[in-house]
Amino acid sequence: MSTLENTDTSAKSAVKRPKRGVPEGLWLRCDGCGATVFRKQVEQNLNVCPECEHHFYVPTSMRIRQLLDPDSFEEWYAEMSSGDPLGFADRKPYKERIIDEQKKTGMKDACTVGRGYMRGRPLVFATTDSAFIMGSMGSVVGEKLTRAVEKATELSLPLIIVSGSGGGARMHEGIISLMQMGKVSAALARFRRANGLFISVLTNPTMGGVAASFASLGDIIVAEPQALVGFAGPRVVQATCKIDLPEGFQTSEFLLKHGFVDRIIHRSEMRSELARLIDYGSR
Amino acid sequence: MAANSLNSLQAASMDGVNLGVLTAGMVVFMAVLHQLSFEKPLYELEERLLKLESQPDPSPAEKESMRRMRVELTQMTRERYSNLDPWQTVQVSRHPDRPQTPDYLELVFDEFVELHGDKAFGDDRALITGFARLAGRKVMFVGHQKGRNLKERTECCYGCAHPEGYRKAMQKMEMASRFGLPIICLIDTPGAYPGIGAEERGQAYNIAVNLRDMSTLEVPIICVVIGEGGSGGALGIGMGDHVAVLEFAYYSVISPEGCAGILWKSSRHADKAARALRFTSKDLVELGVVDEVVPEPLGGAHRDHFKMATTLKSRLIESLQGLESLSSAQLLERRYQRYRRIGVFHENGPV
Numbered sequence: 000m001s002t003l004e005n006t007d008t009s010a011k012s013a014v015k016r017p018k019r020g021v022p023e024g025l026w027l028r029c030d031g032c033g034a035t036v037f038r039k040q041v042e043q044n045l046n047v048c049p050e051c052e053h054h055f056y057v058p059t060s061m062r063i064r065q066l067l068d069p070d071s072f073e074e075w076y077a078e079m080s081s082g083d084p085l086g087f088a089d090r091k092p093y094k095e096r097i098i099d100e101q102k103k104t105g106m107k108d109a110c111t112v113g114r115g116y117m118r119g120r121p122l123v124f125a126t127t128d129s130a131f132i133m134g135s136m137g138s139v140v141g142e143k144l145t146r147a148v149e150k151a152t153e154l155s156l157p158l159i160i161v162s163g164s165g166g167g168a169r170m171h172e173g174i175i176s177l178m179q180m181g182k183v184s185a186a187l188a189r190f191r192r193a194n195g196l197f198i199s200v201l202t203n204p205t206m207g208g209v210a211a212s213f214a215s216l217g218d219i220i221v222a223e224p225q226a227l228v229g230f231a232g233p234r235v236v237q238a239t240c241k242i243d244l245p246e247g248f249q250t251s252e253f254l255l256k257h258g259f260v261d262r263i264i265h266r267s268e269m270r271s272e273l274a275r276l277i278d279y280g281s282r
Numbered sequence: 000m001a002a003n004s005l006n007s008l009q010a011a012s013m014d015g016v017n018l019g020v021l022t023a024g025m026v027v028f029m030a031v032l033h034q035l036s037f038e039k040p041l042y043e044l045e046e047r048l049l050k051l052e053s054q055p056d057p058s059p060a061e062k063e064s065m066r067r068m069r070v071e072l073t074q075m076t077r078e079r080y081s082n083l084d085p086w087q088t089v090q091v092s093r094h095p096d097r098p099q100t101p102d103y104l105e106l107v108f109d110e111f112v113e114l115h116g117d118k119a120f121g122d123d124r125a126l127i128t129g130f131a132r133l134a135g136r137k138v139m140f141v142g143h144q145k146g147r148n149l150k151e152r153t154e155c156c157y158g159c160a161h162p163e164g165y166r167k168a169m170q171k172m173e174m175a176s177r178f179g180l181p182i183i184c185l186i187d188t189p190g191a192y193p194g195i196g197a198e199e200r201g202q203a204y205n206i207a208v209n210l211r212d213m214s215t216l217e218v219p220i221i222c223v224v225i226g227e228g229g230s231g232g233a234l235g236i237g238m239g240d241h242v243a244v245l246e247f248a249y250y251s252v253i254s255p256e257g258c259a260g261i262l263w264k265s266s267r268h269a270d271k272a273a274r275a276l277r278f279t280s281k282d283l284v285e286l287g288v289v290d291e292v293v294p295e296p297l298g299g300a301h302r303d304h305f306k307m308a309t310t311l312k313s314r315l316i317e318s319l320q321g322l323e324s325l326s327s328a329q330l331l332e333r334r335y336q337r338y339r340r341i342g343v344f345h346e347n348g349p350v
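First to last, the sequence lines map onto chains C and P. First residue of the first sequence: 0, per numbering that gives the first Met the number 0; consecutive thereafter. First residue of the second sequence: 0, per numbering that gives the first Met the number 0; consecutive thereafter.
Simulated from the structure, these hints should not be mistaken for laboratory data. Cβ atoms here follow ideal geometry from the backbone N, Cα and C, with glycine treated the same way.
DSSO-like, lysine-lysine: derived pairs with alpha carbons at most 30 Å apart:
id: 1; chain 1: P; residue 1: 271; chain 2: C; residue 2: 94
id: 2; chain 1: P; residue 1: 264; chain 2: C; residue 2: 91
id: 3; chain 1: C; residue 1: 91; chain 2: P; residue 2: 271
id: 4; chain 1: P; residue 1: 150; chain 2: C; residue 2: 241
id: 5; chain 1: P; residue 1: 39; chain 2: P; residue 2: 306
id: 6; chain 1: P; residue 1: 271; chain 2: C; residue 2: 241
id: 7; chain 1: P; residue 1: 281; chain 2: C; residue 2: 94
id: 8; chain 1: C; residue 1: 94; chain 2: P; residue 2: 264
id: 9; chain 1: C; residue 1: 102; chain 2: P; residue 2: 271
id: 10; chain 1: C; residue 1: 103; chain 2: P; residue 2: 264
id: 11; chain 1: C; residue 1: 103; chain 2: P; residue 2: 271
id: 12; chain 1: P; residue 1: 281; chain 2: C; residue 2: 91
id: 13; chain 1: C; residue 1: 241; chain 2: C; residue 2: 256
id: 14; chain 1: P; residue 1: 271; chain 2: P; residue 2: 281
id: 15; chain 1: P; residue 1: 62; chain 2: P; residue 2: 39
id: 16; chain 1: C; residue 1: 256; chain 2: P; residue 2: 118
id: 17; chain 1: C; residue 1: 241; chain 2: P; residue 2: 264
id: 18; chain 1: P; residue 1: 264; chain 2: C; residue 2: 102
Some chain C residues flagged as far from chain P (calculated, every beta-carbon gap over 10 Å):
id: 19; residue: 30
id: 20; residue: 32
id: 21; residue: 99
id: 22; residue: 115
id: 23; residue: 121
id: 24; residue: 262
id: 25; residue: 270
id: 26; residue: 275
In isolation and in its complexed conformation, chain C is listed as follows (with noise of 0.2 Å):
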């Protein structure tokens, strides 16, 4: 069985997006290798760019699709969505902006968790969407993992979690976004302490405070090439160091040439190995 199977109807959230992920049109310029490329084509390849392999954004619906046996996803918790605890208001109060957000993507909020089957093995799984307010982790982001980990370690499932949050800890949220990853990295310490299996699947991009919490608690982590992750964003760093940065900073190849990623998957090998790597972890 191909992954490949999954895509045919998928890529269609994709394109609702303007400015990030596949845009709309017939052909679209590749961010990687800046070819232009048949739009039809690279979302037959799993939203990868058939030039230069560069991993295209891909929206939750999809990377479910993606990953997870047909129609087996169970959504928990679907529709929490945030509250305001700050009054926060930049150029636009944040309650507006959680509703402008939720029309956009068709979301609740950035974080989608449930159960399902990964060829035929039961697991709780989770993504962040870097599509809603850059993936951050505010409260729902938060609850909702937490819970899916006390799933978890109840049920005795294996964990994923798939990363995409640009955003780190939300700002809109301020100091109760920061707890967060206190909070989901408590869970995962109950969760390790049970002999529970998480894989970390880290993709474009992860940072900050997402990058500081669960993300990089996997037992396993693995990572889609070329994706941006780390801790301080490369504009910050490059503020503080004031030199160039080296060639590929921050990328899943960096993060494994330094020890920080266990292996780095191609995303149409993404199911077949993780698949495997379960079996690996599972008594």
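Chain C is already provided as a structure; the job is to place chain P on it using the hints.
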């Protein structure tokens, strides 16, 4: 002067600000220097009073006017400091004369036996760790160090720890857990260091491990934000049973300059970001994120190190006493729930 401007530069650079913006932040900070701008009338009055006091043989009228000036000075200080806006609070928390970790080690603890090194890469000077005695009790001490002069500040990266610092802290805390020593963490950092080396050596990974593993330590952990509580760099030694902040400290998900740079497109709006982020001691208690505000001496901790240390010491002893009666299982459950309950969300549908 140079050290000070660099300090602000460091602080401003924490989260997503470009160089052009940094320069603007630098100017603001240089202007305030040791005398914060809103404190100007206080210093003027103080100077006038000093002049009078230094005169030999004051007349009764002069004595009376000195007395009045002292009363006025106290009232003015109280009034200014009870109405600080969030951005002014940040300035107080970064005041160069504010007591820092080494000051508290001197004034609060009877002994400090520093334990260096992470046994893997190096000895981060931005985080100091070791055995200490607090009113006869043996404890493990962990604290950020910012440095007082340019040399120290450079050595300590202005209080911005590297991965090896977090690793060192975790190793010492893990040891403390095995030996039954309570842990005291003093937090004072603009944020974890955002550099090439820090990324190469796993800044995100090491902070994450600390969050996870601090939640499993079987001894009481008391964390106090004594100045700046900068994001993940603060939380990396901040997963405690009892979390306190000093009155004019702040604890935030992002520096006000960083937040302004991203959301208002310029760090010149740091004051707006400071208001929006709600990170002052009062806000933090209201939001249920900290357990206690430790009051500062009149006019801020930088005016009276000794008094600040005395207050902190008694609060530390008190919180420790409260936690000592708990079994390790109770402690762990309580700590888990302390973080578990934080979050504001709605849930409409059935689960």
